[in-house]
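Got two chains here, separate frames each, mind docking them using the hints?
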Amino acid sequence: MFGKSFLKSAIAVAAASALLAGAAQAETSIIVQSTTSTANSGLYDHLLPRFEQHSGIKVHVVAVGTGQAIGNARNCDGDVLLVHAKPAEEKFVAEGYGVKRSDLMYNDFIIVGPPADPARVGGMKDAAAALRKIADARATFASRGDNSGTHKKEVRLWKASGADPNSASGKWYRETGSGMGATLNAGVGMGAYVMTDRATWIGFANKGDFKILVEGDVNLFNQYGVILVSPAKCPSVKARSGQKFIDWLLGAEGQKAIGGYTLGGKQLFFPNAGKGPS
Amino acid sequence: MHDFGAAFGLAFGLVFAADADLLEIIALSLRVSLSALVISCLAGLPLGALVGMSRFRGRSAIVIFLNALMGLPPVVVGLCVYLMLSRAGPLGWMALLYTPGAMIIAQSILITPIVAALSRQVIEDLHNEYAEQFRSLCVPAPTAAGALLWDARYSLLTVALAGFGRAIAEVGAVIIVGGNIDHLTRVMTTAIALETSKGDLALALALGIVLLVLALGVNAAVMGLRMSAARNAYA
Numbered sequence: 646m647f648g649k650s651f652l653k654s655a656i657a658v659a660a661a662s663a664l665l666a667g668a669a670q671a672e673t674s675i676i677v678q679s680t681t682s683t684a685n686s687g688l689y690d691h692l693l694p695r696f697e698q699h700s701g702i703k704v705h706v707v708a709v710g711t712g713q714a715i716g717n718a719r720n721c722d723g724d725v726l727l728v729h730a731k732p733a734e735e736k737f738v739a740e741g742y743g744v745k746r747s748d749l750m751y752n753d754f755i756i757v758g759p760p761a762d763p764a765r766v767g768g769m770k771d772a773a774a775a776l777r778k779i780a781d782a783r784a785t786f787a788s789r790g791d792n793s794g795t796h797k798k799e800v801r802l803w804k805a806s807g808a809d810p811n812s813a814s815g816k817w818y819r820e821t822g823s824g825m826g827a828t829l830n831a832g833v834g835m836g837a838y839v840m841t842d843r844a845t846w847i848g849f850a851n852k853g854d855f856k857i858l859v860e861g862d863v864n865l866f867n868q869y870g871v872i873l874v875s876p877a878k879c880p881s882v883k884a885r886s887g888q889k890f891i892d893w894l895l896g897a898e899g900q901k902a903i904g905g906y907t908l909g910g911k912q913l914f915f916p917n918a919g920k921g922p923s
Numbered sequence: 611m612h613d614f615g616a617a618f619g620l621a622f623g624l625v626f627a628a629d630a631d632l633l634e635i636i637a638l639s640l641r642v643s644l645s646a647l648v649i650s651c652l653a654g655l656p657l658g659a660l661v662g663m664s665r666f667r668g669r670s671a672i673v674i675f676l677n678a679l680m681g682l683p684p685v686v687v688g689l690c691v692y693l694m695l696s697r698a699g700p701l702g703w704m705a706l707l708y709t710p711g712a713m714i715i716a717q718s719i720l721i722t723p724i725v726a727a728l729s730r731q732v733i734e735d736l737h738n739e740y741a742e743q744f745r746s747l748c749v750p751a752p753t754a755a756g757a758l759l760w761d762a763r764y765s766l767l768t769v770a771l772a773g774f775g776r777a778i779a780e781v782g783a784v785i786i787v788g789g790n791i792d793h794l795t796r797v798m799t800t801a802i803a804l805e806t807s808k809g810d811l812a813l814a815l816a817l818g819i820v821l822l823v824l825a826l827g828v829n830a831a832v833m834g835l836r837m838s839a840a841r842n843a844y845a
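So the sequences go chain by chain: E and D.
Heads up: the first sequence begins at 646 in my numbering, then just goes up one per residue.
Heads up: the second sequence begins at 611 in my numbering, then just goes up one per residue.
Hints listed in this document are in silico derivations from the structure and should not be mistaken for laboratory results.
Hints may contain errors.
DEER-style ranges, computed between Cβ atoms [as the list claims (entries may be wrong)]:
1. E:T907 <-> D:H793: 22 to 30 Å
2. D:P683 <-> E:P763: 34 to 42 Å
3. D:H793 <-> E:E740: 30 to 38 Å
4. E:P732 <-> D:A779: 37 to 45 Å
5. E:P760 <-> D:A627: 32 to 40 Å
Over the 10 Å line for every Cβ pair with chain E, so calculated as not near, a few chain D residues [to be verified]:
6. A628
7. F666
8. D761
9. N829
10. A840
No residue lacks a Cβ here, since even glycine has one placed at the ideal position from N, Cα and C.
Chain D extracted, bound-state conformation (with noise of 0.2 Å):
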């Protein structure tokens, strides 16, 4: 198991070289996954405090929907795209397909069930704490949701991140919809997964540890945000 060994070292290699190309395949990773995380959150963060907050008929069957929908698998998700964005299919005349702009659709139909079905519990169960109070207020529901989502916002954060971690990592929509093209979308993923079936596990594995790194980073990032926000709070 000696790649263990030239994986790390090819790793720091690479880092250090700052590798051009590299580095443009760590960009555009960022890109599409984090243009992903705001579309996901844009529409996910306010329907789970809708669902999260209301009480109709067929809601349990909501809630279970968009639990089981967390579990999308991205191979699916990257065949229904492309079949959409195909020429041949419906939103062909969009010429989207191949493009970072297919790869952010996909990894936002990913993600947002997860954002939603999680923020849905974190809204739910603060609003089962907040309700008598607006309800004796008087309280409309937008501004209820958005008392919600305020005073919820750190569990939210990890919300996101559950949501980022998921769009970084996978590479079976990407790699449909994407092509992996080199020097257009080419991702984190995807080159890792080329790395492998070329049989260099060293460098696909190294590729992987700067992968994690990565995501160390953002989530360090999110951490450090929300501890300087919390003392400003009670400075």
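Excised from the complex, chain E in its bound form (with noise of 0.2 Å):
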């Protein structure tokens, strides 16, 4: 009995404390499920403050990575969806989770690699042929094997450089299933290739002594999409407040806010709301 009315009153307390913490988020306020570069390189820094002021709606980032984020939104715990994995995002659509998907902004993949490149990829452009010759001389390579969109693009080159990696998985190619920063870290530390979007690299602090060795394939082509978590399918989505943030990325002022962010004077990400490539 004494235990009993004890654990009732630390329910009353948790709910009490559950409920005040509810009460104060505003309602003027989304949720963008987002993948990660776009907020390790600062650019929400950049954006959002400007966002806010036109608008007075807060945004909240959650940063995880592309697979997490399309799979959070599909649980409705986010408003709206900014990710790069067009076949994924394109596939949430067709699903009904969500409403549109829309281009935003570009920018590039990039192979990275110790200056002693044992493979011998140096200024190789051809992405899969980099590849098939890491996987010829069976030099350590560092995936993120994390489902995110860095990942997925991974594995379509890996899949058109005729190698498989997957057999080698624990040996020379290693899949740390971590974010793109966890996996640079872990890259670096042990002398292997990753292939990284350009954004996290330039924004990334502890590069050591590696440099970028593969880079300029059309295959390496990274594309951000944005779309607004289905109302329909979520009743919980604050379509209103949602479609304000996309309209207000993909118009001429968000455009020019995300093509106007440097990072050691280079550009990270380059807007293409309208006129992307399909």
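This is how it looks when you write it as structure tokens:
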């Protein structure tokens, strides 16, 4: 009896603090389920104050890998989805979870590696051929292995290369199962090649002596898309505020803000709403 | 390993500049973990006392179970709380996911078994000493439990500190249910994880040092409280 009444009051306290926390959340706020590169590179710190001033809507960003972001959005735990894996995004919309997918901006993927470059891929343009050489040389390669947008792209490139890295998983092919930054930390730590998006790489502070070795292939194109989570599937979605954010991003002001963001003098994202290659 | 040197410099810089973002993160860390501690003590101490005092069939199974739960992996707790609080989950209507409330719930679940299991041991040892006297005086169980909890208060303070230590240091649960949202659910540990993923190892380590100092401060404050209370008791 003694224990029970205490348990009850504990539950009451938990519920009360929970309610307080819930009430503190303003009505005019939205949750964006996002890929990590846009957050880690500081793009949101550049964009969101501008949008918040323009609209009065507070934007809360949950930055996880594209795979997890889509999964969270499927559970209705977000109002807007901003990721970079077009086939998965189109599937998300086709299944009715998203209202409409729009191209937002692009940059590109690169392959970075140690200056010793054991597989001799430095200066190559053809990403699939470079991966083939890495596989032939059994040079260590660190993969995200987390179903993220970057990982999905990497898997497609491996398929095009004709090599089968999965048979070497745990040997020269190492799947970290972690985010881009953690995989870069691991790659730099063990002298492994890593495929990364350029924005994360430019903003990454632990580069060691690693260099960009492969870049410039059209297959390394990295398109970001933005989707409003469907209010029909998820009644909790703040559709009006979410759509306002998307309209702003795709409009002249948002596109200009995206293009104007630089880090170390370099532009990280190139706006292409309404004119991206499809 | 110049990162270590740089980290200490950065940590001092951060603390002395009283960086507004850092203070906000520290305040939220303390708010979340202290709330979780209060809740887990309200639930865990009576539970520990109950199990510690009573004799019944299947008691050792419960003791083993409680002890095993001390090893709950934070990421599993986070995942379960996420599934419960997700809009698609049974408690989704409460709109708690990605709020400090969700983080408090996750940490409470994580540390209640620690408080319960450790206090069970403390109370049981003390109860073995007191049992005969309680019986001879026909003390009712709730009064006996209250007396045991009071007499063991200093040991239980250490139990609470163990729970607090676990809560303030974990990252696996709060990063899933809180989402590490800037100015809303970012705490010390998720900030450290974020800076590590940005490759800013010196800043990550600096935040780690600040977290350690924070834990030191809380422990020192509790110890000071205890010492002055003990002095007053004998004065």
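Hint check:
no.: 1; hint: E:T907 <-> D:H793: 22 to 30 Å; in the structure: 24 Å, holds
no.: 2; hint: D:P683 <-> E:P763: 34 to 42 Å; in the structure: 37 Å, holds
no.: 3; hint: D:H793 <-> E:E740: 30 to 38 Å; in the structure: 33 Å, holds
no.: 4; hint: E:P732 <-> D:A779: 37 to 45 Å; in the structure: 40 Å, holds
no.: 5; hint: E:P760 <-> D:A627: 32 to 40 Å; in the structure: 37 Å, holds
no.: 6; hint: A628; in the structure: 21 Å, holds
no.: 7; hint: F666; in the structure: 13 Å, holds
no.: 8; hint: D761; in the structure: 16 Å, holds
no.: 9; hint: N829; in the structure: 24 Å, holds
no.: 10; hint: A840; in the structure: 26 Å, holds
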